[in-house]
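Engineer: The listed protein sequences correspond, in order, to chains Y and C. Its first residue numbered 1, the first sequence is counted upward by one per residue in full-length UniProt numbering. Its first residue numbered 1, the second sequence is counted upward by one per residue in full-length UniProt numbering.
The set of hints was computed from the structure by calculation and includes no laboratory data. All figures in this text were calculated on a predicted structure; none of them were measured in a lab. Incorrect hints may have been included.
What the hints assert, rightly or not - Cut-off 25 Å, straight-line C-alpha distance, at most; resulting in silico cross-link-like pairs (SDA-like, lysine to any residue): (1) 183(Y) with 406(C); (2) 183(Y) with 452(C); (3) 123(Y) with 414(C); (4) 183(C) with 91(Y); (5) 409(Y) with 106(C); (6) 183(Y) with 297(C); (7) 91(Y) with 44(Y); (8) 183(C) with 183(Y); (9) 183(Y) with 414(C); (10) 183(Y) with 405(C); (11) 183(C) with 445(C); (12) 91(Y) with 221(Y); (13) 183(C) with 410(Y); (14) 183(Y) with 434(C); (15) 123(Y) with 249(C); (16) 409(Y) with 221(C); (17) 183(Y) with 126(C); (18) 183(Y) with 249(C); (19) 409(C) with 163(Y); (20) 409(C) with 108(Y); (21) 183(C) with 406(Y); (22) 409(C) with 109(Y); (23) 183(C) with 229(C); (24) 183(Y) with 217(C); (25) 183(Y) with 450(Y); (26) 183(C) with 405(Y); (27) 183(C) with 437(Y); (28) 183(C) with 449(Y); (29) 183(Y) with 108(C); (30) 123(Y) with 315(Y); (31) 123(C) with 248(Y); (32) 183(C) with 413(Y); (33) 409(Y) with 163(C); (34) 183(C) with 126(C); (35) 183(C) with 163(Y).
Chain by chain, the residues:
2 protein chains.
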Amino acid sequence: MLRQVSSQENTAALVERLRAFLGERCTTSVSEREHHGRGESYHPVRAPDAVCYPLSTEEVAGIVRLCAEHDVPVIAFGAGTSLEGHLAALKGGISIDMRRMDQVLAVHAEDLDATVQAGVTRKQLNAHLRDTGLFFAIDPGADATLGGMAATRASGTAAVRYGTMRENVVSLTVVMADGRIVKTASRARKSSAGYDLTRLFVGSEGTLGIITEVTVRLHGQPEAVRAAICTFPDVASTVRTAIETVQCGVPVGRMEFLDAAAIRAVNRHSGLSLAEAPTLFFEFAGSLAAIAGETETVAEIARGNGAQGWSFADGAEERARLWHARHEFHYAMLALRPGATAWATDACVPVSALAACIEAACREAADAPFPAAAVGHVGDGNFHMSYVIDTGDPAEVARAERLNAALVKRALEAGGTCTGEHGVGYGKARYLVAEHGAEAVDVMRLLKSALDPQNILNPGKVLPAADEG
Amino acid sequence: MLRQVSSQENTAALVERLRAFLGERCTTSVSEREHHGRGESYHPVRAPDAVCYPLSTEEVAGIVRLCAEHDVPVIAFGAGTSLEGHLAALKGGISIDMRRMDQVLAVHAEDLDATVQAGVTRKQLNAHLRDTGLFFAIDPGADATLGGMAATRASGTAAVRYGTMRENVVSLTVVMADGRIVKTASRARKSSAGYDLTRLFVGSEGTLGIITEVTVRLHGQPEAVRAAICTFPDVASTVRTAIETVQCGVPVGRMEFLDAAAIRAVNRHSGLSLAEAPTLFFEFAGSLAAIAGETETVAEIARGNGAQGWSFADGAEERARLWHARHEFHYAMLALRPGATAWATDACVPVSALAACIEAACREAADAPFPAAAVGHVGDGNFHMSYVIDTGDPAEVARAERLNAALVKRALEAGGTCTGEHGVGYGKARYLVAEHGAEAVDVMRLLKSALDPQNILNPGKVLPAADEG
Chain Y
1 MLRQVSSQEN
11 TAALVERLRA
21 FLGERCTTSV
31 SEREHHGRGE
41 SYHPVRAPDA
51 VCYPLSTEEV
61 AGIVRLCAEH
71 DVPVIAFGAG
81 TSLEGHLAAL
91 KGGISIDMRR
101 MDQVLAVHAE
111 DLDATVQAGV
121 TRKQLNAHLR
131 DTGLFFAIDP
141 GADATLGGMA
151 ATRASGTAAV
161 RYGTMRENVV
171 SLTVVMADGR
181 IVKTASRARK
191 SSAGYDLTRL
201 FVGSEGTLGI
211 ITEVTVRLHG
221 QPEAVRAAIC
231 TFPDVASTVR
241 TAIETVQCGV
251 PVGRMEFLDA
261 AAIRAVNRHS
271 GLSLAEAPTL
281 FFEFAGSLAA
291 IAGETETVAE
301 IARGNGAQGW
311 SFADGAEERA
321 RLWHARHEFH
331 YAMLALRPGA
341 TAWATDACVP
351 VSALAACIEA
361 ACREAADAPF
371 PAAAVGHVGD
381 GNFHMSYVID
391 TGDPAEVARA
401 ERLNAALVKR
411 ALEAGGTCTG
421 EHGVGYGKAR
431 YLVAEHGAEA
441 VDVMRLLKSA
451 LDPQNILNPG
461 KVLPAADEG
Chain C
1 MLRQVSSQEN
11 TAALVERLRA
21 FLGERCTTSV
31 SEREHHGRGE
41 SYHPVRAPDA
51 VCYPLSTEEV
61 AGIVRLCAEH
71 DVPVIAFGAG
81 TSLEGHLAAL
91 KGGISIDMRR
101 MDQVLAVHAE
111 DLDATVQAGV
121 TRKQLNAHLR
131 DTGLFFAIDP
141 GADATLGGMA
151 ATRASGTAAV
161 RYGTMRENVV
171 SLTVVMADGR
181 IVKTASRARK
191 SSAGYDLTRL
201 FVGSEGTLGI
211 ITEVTVRLHG
221 QPEAVRAAIC
231 TFPDVASTVR
241 TAIETVQCGV
251 PVGRMEFLDA
261 AAIRAVNRHS
271 GLSLAEAPTL
281 FFEFAGSLAA
291 IAGETETVAE
301 IARGNGAQGW
311 SFADGAEERA
321 RLWHARHEFH
331 YAMLALRPGA
341 TAWATDACVP
351 VSALAACIEA
361 ACREAADAPF
371 PAAAVGHVGD
381 GNFHMSYVID
391 TGDPAEVARA
401 ERLNAALVKR
411 ALEAGGTCTG
421 EHGVGYGKAR
431 YLVAEHGAEA
441 VDVMRLLKSA
451 LDPQNILNPG
461 KVLPAADEG
């Protein structure tokens, strides 16, 4: 008869084997564990039992095989910037920190692609590419790892022109739940050779496999870049300008919405003095002639929608200052209320419904007892409300929850999604059935069971628990 | 004790139930069945046992439920233009012809999307959109149905600018193997809400579910369009021009390669008198200013690679004539040898390897006893050899098979794919393991088993049989 092993004993035995395998690159230090059980949002820390630092795909496979033998969860960790509780060890388990897998493995300049280990960050890759005339375009703000960005289908301010990770991942190397190593695709720019495994793993948040290498598309550095700012009388005219710009096929590099409250926060945090009104930040990129034409077209559209006060930033430094301010929005909001936490919503809707959705969200948050502001990747129909709450105050958390639920409900009614780019984690799992329908979520469950029958890969994420939704 | 029912009796009983369900929209006429058991390539006819013509998603679901009850295969049929035996009823079964599901269900001009029934063809959709200023961009040449294009991840001449069906499908309605109806996604332009079911079904060739409705992205009609032709001293300089054009970020609308033999065939078939040399067909699209700039940039690149004889086609009629000639290439080749069949290869490689792959393929075909020529969507690294063979002559078939096998082997060694846009069907299934590795193909098998445990959805397609690869 087999001796019954307690869960604690089982985990301890696993950690011992991981130590034998990885030496000091497996740790149970409390601070390390806590760091690996949190992202950057309101979700409470749920620390894993141990943290491993592999150096290669083969080591990740070894870790996963040991976890599978012990039936213990594994959670991949990139830069720790996720926002929906992706990293919470809801059932304990082993965190696999990918940051030491930081090698750029190949740059194929002629083919416009690069292959990196999953722990390479987007800024690191772009620094590596500096002398090639090429760059990696996706910019979620945070200096996330490429593996994390692929796993959460990240996008950000440049998606209006270059798409999201869905469009920019060429191929992945993935460790499956049983430790097998799979290459999802060739380096061909397009293929119709079987099921699209690449897109299956992009956005699967470590629940179907662990991404260890990423091949991404690169783009040529534009000849010139120009930023512009323009303010509007109201949200509707701001969004209308964005819609008309997209409809005219102007390939803007970026097109970001900030409401008056967001501009106020950014002004204070970054020492700017922008007019506190609904605003669009533009970036134009291309040949000088193309930029001139595009600027003119967009200025005309904006004027038609009552725009005031165009201003341009042509110098690299001035542009960097502007976009830095936009990217610091999250921290600008936090600075309004030291010690508080920023809850970022993430609805994405067909653009025709965007203005109404943003206006309703702002109206509902107007009398909240905490700071709130709206920003948006408005060309894609994606916007974020930031609620700066005291997570120790249940009333504030409940209010933010109600605001988010109302905003999600409205987005789904408009034919949109509860999460444009932050992913599901466990924070949004409750909305999955409302968005996709029970049948589609059942199909997702079939995929999960087929690829991870033990449910050891980031359990409790993406798919709602039986009592949710 | 249950009476044993023969396969024939079982199918007959199913057909009787389908007749009761659909009346005359279920037929067993020999000519209908034979028409539905062939595509447009060299694969022999394998007729289904009956053909059904549903009018709605619910009717498709009803047909699939009946087939599942009787454990009989179902094969979706669009325009019948597939090239790798996708439609062959290898194990008999029911063909579901989608052509009467031909309704454009919604056009959302502001959101740049449209939802259609799967039997709507791309030309039909574009005719419907004529007055909106918008168009559907993917152009595989054939007037395929949108459902068929999604199912095979089609692309074609416009993919260099607009991407493939992978990038242009927003959402699908799919009937699963048990008759359940699944909507794969919202209409949001981007989402990170769970597994990418849309991309899972795009390219699955009716083996994971039957696509009944398709929501696609639309694009704004460009202000102006200009075509140009340019000839080169050899294949390498032609391809180099295409690579440099892509690297410079010139957003060409189309950029097509034809070798001297292809030009000869096209000249003869379409009454043109183009110089019989390696050639690029270009299309530029955008504002007049942008087109002027792009033309100049590309002309300079081409000159640097030894180009001769630029000529332009600015008028709509002249342009249409040129592109019609390109699109008629398949028929131009057939016209070289009346009664013969055109076998189209479909490798796609990283562009740095493209010239060598095309040159080797042409060299190997030079002494073949049948006409052969090369064309390519050269900005994507995708090229097709056309072998015009007598399928009644086993020696010719064997030679074409050997040529294709060598070409595929070379493409895979270069990091490419055996099929850029034609799909797998059963013609390419034998190459899937060589391209993806046994582990990745095993993952595909797990997906297939999870979603179609009875193996009734287009069996024998995409995944290799146990004795292949």
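Engineer: For each hint given before, does the structure comply? Return the numbers of the non-compliant ones in rising order.
Structural biologist: Checked against the structure, the hints that fail are numbers 3, 4, 6, 8, 12, 16, 17, 18, 19, 23, 24, 29, 33, while the rest are satisfied.
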